[in-house]
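Novice: Please model the complete structure; the sequences and the hints are all you need to start from.
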Amino acid sequence: LSTFKGWFPNYIKVAELGCSSGQNTFLAMSEIINTINVLCQQSNQNPPEIDCCLNDLPENDFNTTFKLVPFFKKELMMTNQASCFVNGTPGSFYSRLFSRNSLHFVHSSYSLHWLSMVPEKLENYTENVYISNSSPQSAYKAYLNQFQRDFTMFLTLRSEEMVSNGRMVLTFNGRNTFNSDPLYRDCCHFWTLLSNSLCDLVFEGLVSESELGAFNVPFYDPNEQELKEVIQNQGFFEINDLETHGFDLSHSKRDNEEDN
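At position 181 of the sequence shown the residue is numbered 181 (the UniProt record's numbering), and the sequence of numbers has no breaks.
Just so you know, these hints were derived from the structure itself, not from any lab.
Model, not experiment: these values are computed from the prediction.
Positions of the beta carbon are idealized from the N, C-alpha and C atoms, including for glycine.
Some clues are possibly wrong.
For lysine-lysine, the following DSS-like pairs were computed, each having C-alpha atoms within a straight-line distance of at most 30 Å [what the hints assert, rightly or not]:
1) Lys228 - Lys141
2) Lys121 - Lys141
3) Lys228 - Lys121
Distance ranges between label pairs, derived from CB positions [what the hints assert, rightly or not]:
4) Ser99 - Val207: 40 to 48 Å
5) Leu27 - Ile239: 22 to 30 Å
6) Leu57 - Phe215: 17 to 25 Å
7) Glu224 - Gly91: 26 to 34 Å
8) Asn223 - Thr156: 15 to 23 Å
9) Glu59 - Asn24: 14 to 22 Å
10) Asn46 - Asn87: 16 to 24 Å
11) Met77 - Asn133: 47 to 55 Å
12) Ser208 - Met77: 51 to 59 Å
13) Phe215 - Ser43: 51 to 59 Å
14) Thr152 - Phe215: 20 to 28 Å
15) Phe215 - Gly91: 42 to 50 Å
Specialist: Now the structure itself:
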């Protein structure tokens with residue numbers, strides 16, 4: 001948003017992609033609007049009208065989201081002078097969502113690691129629903145290829161919808177680059193827990209082994225280099241800032257020690 005510092009258009013269109021539904025739906029949008037208001041005050045400008053577009057899949061509970069809009073606007077009125085208009089845009093962000101050259105700012109948090117589909121040509125591997133240390137290399141390659149196709153499509157579509165010099169802030173669930181093994185997954189312990197639970201259901205006869213073997217999650221946790229490669233190869237966007245933040249998965253370490 002610092003791009004607009006010193007000059008703001010009369011109208012700004014902001015999109016939240018993967019808004020979900022609940023109390024935290026408006027957190028990012030509130031921060032964006034507050035930042036716009038502060039920048040306008042610093043440059044002695046009247047704040048623009050802001051079109052707030054909330055996007056998620058059609059199955060998302062938009063009714064609950066819209067019921068929270070009055071509270072969202074009430075809080076904004078206490079600290080901001082900007083007028084905002086909230087609307088919902090159901091649909092996959094792997095498809096066109098907005099008219100050409102209409103978006104000024106796009107935000108997406110913890111959504112783009114979800115793929116458009118489970119990768120094709122995955123070998124049936126009954127022990128895990130996602131990539132693990134014991135998965136074949138072909139599983140990693142299939143997931144990486146699907147992520148590259150999906151993220152390239154996402155960037156291409158957004159480049160058509162965004163105005164020149166528009167900005168995006170994207171937050172991913174990713175993995176670190178310190179371990180060169182592509183099968184190493186330091187942040188996906190929850191998939192291991194799910195796999196173990198499903199294996200228990202197979203053992204109890206509640207789920208068949210073939211059903212478990214055919215089940216894979218459409219999820220990919222890219223590392224920093226994989227992200228950069230897609231963005232650079234696609235060519236429509238430049239990286240202004242890329243930050244990685246780690247956290248200690250002590251529970252995963254304990255489990256590995258117990259297994260050993």
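Novice: Confirm or reject each hint.
Specialist: Status of the hints after comparison with the structure:
In summary, the hint linking Lys228 to Lys141 is supported, as the alpha carbons are separated by about 17 Å, within the 30 Å threshold. With a CA separation close to 10 Å, the supplied pair Lys121 and Lys141 stays within the 30 Å bound. A threshold of 30 Å between alpha carbons decides the hint, and for Lys228 with Lys121 the separation of about 26 Å falls inside it, so the pair holds. A C-beta distance of roughly 45 Å is found between Ser99 and Val207, which places it inside the suggested range of 40 to 48 Å.
Between Leu27 and Ile239 the beta carbon distance is about 24 Å. The supplied range of 22 to 30 Å therefore holds. For the pair Leu57 and Phe215, the supplied restraint of 17 to 25 Å holds, since their beta-carbon distance comes to about 20 Å. The hint said 26 to 34 Å for the Cβ distance between Glu224 and Gly91, and at roughly 29 Å that hint holds. Taking the beta carbon of each, Asn223 and Thr156 are about 22 Å apart, inside 15 to 23 Å as hinted.
Our hint of 14 to 22 Å for Glu59 and Asn24 holds, since their Cβ atoms are close to 18 Å apart. Distance hint check for Asn46 and Asn87: the Cβ-Cβ separation is about 23 Å, which falls inside the suggested range of 16 to 24 Å. Our hint of 47 to 55 Å for Met77 and Asn133 holds, since their Cβ atoms are close to 52 Å apart. Checked against the hint of 51 to 59 Å, the C-beta distance between Ser208 and Met77 comes to roughly 56 Å, which is consistent with it.
A hinted range of 51 to 59 Å holds for the C-beta pair Phe215 and Ser43, which are about 54 Å apart. At about 26 Å, the beta-carbon gap between Thr152 and Phe215 stays in the expected band of 20 to 28 Å. At roughly 26 Å, the beta carbons of Phe215 and Gly91 sit outside the given window of 42 to 50 Å.
Hint 15 from the list above is the single one not met by this structure.
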